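Chain order of the listed sequences is A and B.
In terms of my numbering, the first sequence is residues 27 to 926.
In terms of my numbering, the second sequence is residues 598 to 711.
FYI, nobody ran anything at the bench for these hints, they're computed from the structure.
Keep in mind it's a predicted model, so treat the numbers as computed, not measured.
Positions of the beta carbon are idealized from the N, C-alpha and C atoms, including for glycine.
Heads up, a few of these hints could be off.
Over the 10 Å line for every Cβ pair with chain A, so calculated as not near, a few chain B residues [claimed, not checked]: (1) L619; (2) H626; (3) R679.
With beta-carbon atoms standing in for the labels, derived distance ranges [as the list claims (entries may be wrong)]: (4) G660(B) x D480(A): 22 to 28 Å; (5) R35(A) x S703(B): 18 to 24 Å; (6) R129(A) x Q663(B): 35 to 41 Å; (7) E635(B) x P45(A): 41 to 47 Å; (8) I451(A) x Q663(B): 54 to 60 Å; (9) R674(B) x A425(A): 45 to 51 Å; (10) V422(A) x Q663(B): 37 to 43 Å; (11) E65(A) x E621(B): 44 to 50 Å.
In silico DSSO-like pairs for lysine-lysine, Cα to Cα no more than 30 Å straight-line [as the list claims (entries may be wrong)]: (12) K632(B) x K669(B); (13) K363(A) x K726(A); (14) K580(A) x K684(A); (15) K684(A) x K726(A); (16) K726(A) x K186(A); (17) K271(A) x K283(A); (18) K36(A) x K686(B); (19) K42(A) x K686(B); (20) K36(A) x K632(B); (21) K36(A) x K658(B); (22) K658(B) x K632(B); (23) K186(A) x K363(A).
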Amino acid sequence: MPDWSEPIRKQLAELKLAPEREAEIVEELAQHAEDRYRELESGGVTQAEAQRIALEETGGHELLARELRAVERTNAPPPIVLGAGSKASLLSSLAQDLRYGIRTLRKNPGFTAVAIVALALGIGANTAIFSVVNGVLLRPLEYPDPGRLMLISEATPEFKQMSVAYPNFLDWRRESRSFTDMGATRSDDFNFTGRGEPEHLSGEYVSAGLFPTLGVAPFMGRNFLPEEDRQGARCATMLGYLFWKQRVGADPNILGKALTLNAMSCIVIGVLPQNLRFREGAQVYVPIELYDAGMLRTRESHPGISVYGRLKAGVTVDAAQAEIASICSVLAHQYPKTNAGHGARLVSMKDDMVGYIQSTLLLLAGAVGFVLIIACANVANLLLARSTARQREFAVRTALGAERGRVVRQLLTESVLLSLGGAAIGLLLARWGTKLVLAAAPDSLPRSTEIGIDPYVLLFTLAVSVITGILFGLAPAFHSANANPQESLKEGARGAGGGRHRAESVLVAVEIGLSVILLAGAGLMIESVWRLLQVDPGFNTRNILTTQVALSPKVMASPGAIRLAYQQMLGRVAAIPGVQSVAITSQVPLAGSDSEIFFWPGVGPQPPQDQTMSAMFSIVTPDYLNAMQTPLRRGRFFTEGDNLASSPVVVIDDVLAKHIFPGQDPVGQRFSIMVLGPVQVVGVAGHIKYWGLDSDDTAKIRDQIYFPFTQVPDKFMSGALVGLTLMVRSGPEPLSLVPAVRAQVAGPTQDQPIYAVRKMEQIISESLAERRFTMLMLIIFAAAALLLAAVGIYGVMSYAVTRRTHELGIRAALGASRGEIVGIVLRQGVRLAAAGIAGGLVAALALTRLMAGLLYGVRPADPATLAAVALLLGGIALAACYIPARRATAVDPVIALRCE
Amino acid sequence: MEDRSIDREWKKGSAELLLLSLVEAVPRHGYEIGKLIEQRSQGALRFHAASLYPLLYRLEKRGWIQGRWVEKSGQRRRRYYRLTPEGRKVLASQRQGWQTFVEAISRITGVENA
């Protein structure tokens, strides 16, 4: 018996029926063919002929397929008809919308590409900024229960936050009941010797309770024990993970071995975990009680100690603050000389780290949001233009019974698809953009290592893209859905009426307005940075090399040897060809270091703390003013003769001179300095803007006192060494002298490294880094906004000219000159731009006030800046209108009229 | 030629009526239906499988007839179609319509012949 099924199945193949249905039909028809075959055969027809006839009748000549197609088609999924979906579930109609949307977008690759690129730029920039905001501001610190970690600082009426005197810390820790524990820490440098080249390490002196307070468990070994955090205890040290990994070769048996730090042999007892980001990663940690006892035991000195506490469960910040305040007032009573007027201030550890940059980042987040809105407005305009082209499509659908809601949904699906496409590319851009932001960001940007694309960033991007998709899709969608099908279906209909053009014009005006705001922000920042660069810092910033030096451990034992070592070092460096003068200072201007000292008029005993004054205090060598090229106003500067054998002298700056010796000659006057006692003024120097080009004028403490290095008493010598910096004034480019300086500092024993080598100009530049970063970002955003707005107004005007071809043709036919035609078009564009600029200026007046804190020497509502912005935008808008206007003059009246 | 033109007319106008009539009394399978049409029309009407079955499916889809696989011993299973209650109503109405149509034609052609 021949096989009937296969030929029949072949006939059905093109119908693509469901398999079960196909099998049923094949079986039935095969049965029929077989019946027919038997009949023919029994009637005397040859087998071959019977088979041919049976097959031909069953499926021949494609009749079967044709007939079946008509019947079985009704089995297939219903054709996609918008508005016909009342029966279909929401999900399947959504799938339908998606399929249809993708098909529509693929049919218009040009439109789709332009829209996706605009959105990708907007979403990418937003994602990049958000990943910075997320990493820095939003993500909790990587400690257990980080919300309970507080930084506790001392506070005086002058200083809202100052470092803590160690005995005060001990009292707080003992008396307070609000905290599970407290820990103290102090950054310091360590000389690491005994393993090849001497090396300078960044380190922290920490109290034994610090890491338990933070909730940090060591990666290896253990935390410090209380008995190791005692004066006179054998030095123990914990290593930072990177230091352990890179500098001691990830030695698994490092525990129990000794490292030589500051000439002390320290036993390694632990290695900290890799993810520890405490104070941006010290290399070594040593118990704080091993720090210089002189500084540690007195309540007078506040040697840069920070105190962290972990709030007990259920204790509020306010309650803890009140408790610490009451402890402080008891201490102020007990020790009026040192503690009068000293309170304490609690701030969450995270706020302490990131609080200062918060306003900058939020400002940028807002600015970049504007860029996205502008991109959205552009895409919305594209969609509006396209919706006119699609008017007939929607009219047909509406006529066929599609509901308005369904048409709107279809369009919104398309716009969300667009924005999701933009988001996908935007994410790639963001990865790159985040790197760019980080490269531009100041080095001091806290938590920068925690910035990256994490699930929150992805979620943000997804949310932003869906929201923007709906945002820019809404106007065009309603516009299309509201179209009157009858009008639109008429042959030659010109699409939507005024509604669309109004919407388009509003969108462009909004774009221009937002660009005004961004440009104003960028302009104000540029002006601020420019003005800051004009500020005279009080010294010549060019050709100064600054470097820190670590003295040979061999000389560290005796103050006399230290003095001699510095003196010889200065001599060797001064002899380098190209070096004009060289000095040592304990404070580098604008570098962020600060050291203040209490002083009082007269030579009497120290009055209570709240009756003393504070001044910036610098320990310097005689050539300091020469090296800085800071003017000496009166008297003299220090000489080698100012030493321990002579009576203590100081040089003050002209601010302090006016402050305590108004109308008198300060030279020869005496006043008193904490710890050092009475001093005599031998000279007055010009004021140097230590605090920063911008903040020095408004700093609470501006008085400056210089003290000769050679008069530092023995007992303070080791403390005075902290942060001593070599300032080298050079003829040639300062960095070219680095090898010679390194060689001369190293000295005969070759064990004195230099580190933190920088030009003064770099320090100045870094001091402006945050502002420059804000400026750069705002310039980028404003440029993007300007570009998008220009494209937007150009698009709208081009379209307007096309639409008015007929009218312009008539005007030309009636004798309008080219100039008049250009004028007509330009007027329309200028009206649009003027409305946008006016709105933008009003908004800019309100919004730039938010960045007042970032500005210098310019008011937020600076008329010159705003005027410049308005002119710039007006000019660009005019240029964008001029091209279509020129095209309008080329309209041939005959052709224009024939169009009808 | 003449045969085929009558064939086409029939299919176009009244094939549905034929099929419904044939399964009115007893359920029948497709081959049987085709054979019966050919026999009872004395060969004037013939349905090929290629158009018969799609028509059956169409009627089934409309709910006028219902097909069911039936297995008889020693044979392959076949699909038998029977009239549904709805199909019965349709059949009645189509018969009525057809009758009216034929009478009208007869009257016209009869008058002209007379």
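Verification of the hints:
1. L619: L619(B) clear of chain A: closest Cβ-Cβ about 15 Å, beyond 10 Å.
2. H626: Violated, because the least Cβ-Cβ distance between H626(B) and chain A comes to about 8 Å, which does not exceed 10 Å.
3. R679: holds, 15 Å
4. G660(B) x D480(A): 22 to 28 Å: violated, 59 Å
5. R35(A) x S703(B): 18 to 24 Å: The hint (18 to 24 Å, Cβ to Cβ) is violated, given that R35(A) and S703(B) are roughly 47 Å apart.
6. R129(A) x Q663(B): 35 to 41 Å: Holds, since R129(A) and Q663(B) (Cβ atoms, about 39 Å apart) stay within the stated range.
7. E635(B) x P45(A): 41 to 47 Å: With Cβ atoms ~33 Å apart, the hint is violated.
8. I451(A) x Q663(B): 54 to 60 Å: holds, 57 Å
9. R674(B) x A425(A): 45 to 51 Å: holds, 49 Å
10. V422(A) x Q663(B): 37 to 43 Å: With a Cβ separation near 39 Å, V422(A) and Q663(B) satisfy 37 to 43 Å, so the hint holds.
11. E65(A) x E621(B): 44 to 50 Å: violated, 25 Å
12. K632(B) x K669(B): Holds, because 20 Å separates the two Cα atoms, which is no more than 30 Å.
13. K363(A) x K726(A): Judged against 30 Å, a Cα distance of about 22 Å means the pair holds.
14. K580(A) x K684(A): With Cα atoms ~44 Å apart, K580(A) and K684(A) exceed 30 Å; violated.
15. K684(A) x K726(A): holds, 15 Å
16. K726(A) x K186(A): holds, 11 Å
17. K271(A) x K283(A): Holds. K271(A) to K283(A) sits at ~15 Å (cutoff 30 Å).
18. K36(A) x K686(B): violated, 38 Å
19. K42(A) x K686(B): Violated, at roughly 34 Å.
20. K36(A) x K632(B): Holds, at roughly 26 Å.
21. K36(A) x K658(B): Judged against 30 Å, a Cα distance of about 24 Å means the pair holds.
22. K658(B) x K632(B): holds, 23 Å
23. K186(A) x K363(A): holds, 20 Å
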